[in-house]
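> Sequence:
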Amino acid sequence: MSEQNCRINPNNGDRLLAIVLALVGLLAAPAWSQTAPGGALTDFQPVTYRFEVGGKPLADAEVYQSQSTGSMLILAGALEAPVLIKLREGRVEAVNLMKVDKKSDGSVTLLQNPTLAQLGSYRLTSDRTGVGFDLNGQEAVLREKPHLLGNQNLEGMQAYSLEYVRGADAYTPSNPVVAKLREQSEDVQVVVFFGSWCAACKQMVPRIMKVDEQLDGSKVKIDYYGLPQGQAFTRDTKASSMGIKSVPTGVVFLGGKEVGRISGNGWKIPELAINNVLVKAQS
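Those letters in the sequence shown? Residues 1 to 283, by my numbering.
Read the hints as simulated data drawn from the structure, not as lab findings. All clues given are correct.
Taking lysine to any residue and the SDA-like style, the derived pairs with C-alpha atoms no more than 25 Å apart in a straight line are:
#1 LYS99 x ALA61
#2 LYS238 x ASN153
#3 LYS103 x ALA78
#4 LYS257 x LEU278
#5 LYS86 x MET98
#6 LYS99 x LEU162
#7 LYS219 x GLU186
Please build the complete structure, drawing on both the sequences and the hints.
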């Protein structure tokens, strides 16, 4: 399977593993490797997760992920202290708020020796959608937000995921290729089939989102369609009718007729992949 695609996987054991890997960040760097002089941890980035205590979501919770260390940091006004979940080590710790250094770029650094107290270990939730731990006699749960399903637009994608926004900001499309796409005189539609649960989508879909921003006002329109995970993927009528087997997959329509698809390595430079499909169709 290409690293640019996620396929369905109905096996429950693999689904459980996928949840843990999603939280850890899919990186194999040794624990506590991303450090600055003095032992500070520097690579906590904001991510889109839901944090609940006693069955109630904390609306002001801010969640950060350190991919190099496989750790999650939770900040919220209702917490006595920030919480650090060391996923690779199986531990949960309370952190000294004075050791949390928020940067102007939105990232967070934990200064040297931040731990206040050990809170025990985490466990997978009974529905296998997140991790839970005991916090002052209540169950605290960190889980991903409900998946995006069905028709979506750019604004909805941006509102759903901080990772999507950050990934889009980090991508620079080719100006000449975007200019060529803006010259299209025929109606072009690109339907992006994706899964908000899919690691490859989190890496690649933000690129076409940035292209979407730059094509605003042109004849090229980009739409998004979220698919569920597991067997529900195969039961989605729209995906089934179009033979979608993996995500992300982009279907390109010219004048209402499908003329090509974007998959695999095509997602590395999606504006070029769209342009190549159109050049072939119009030649």
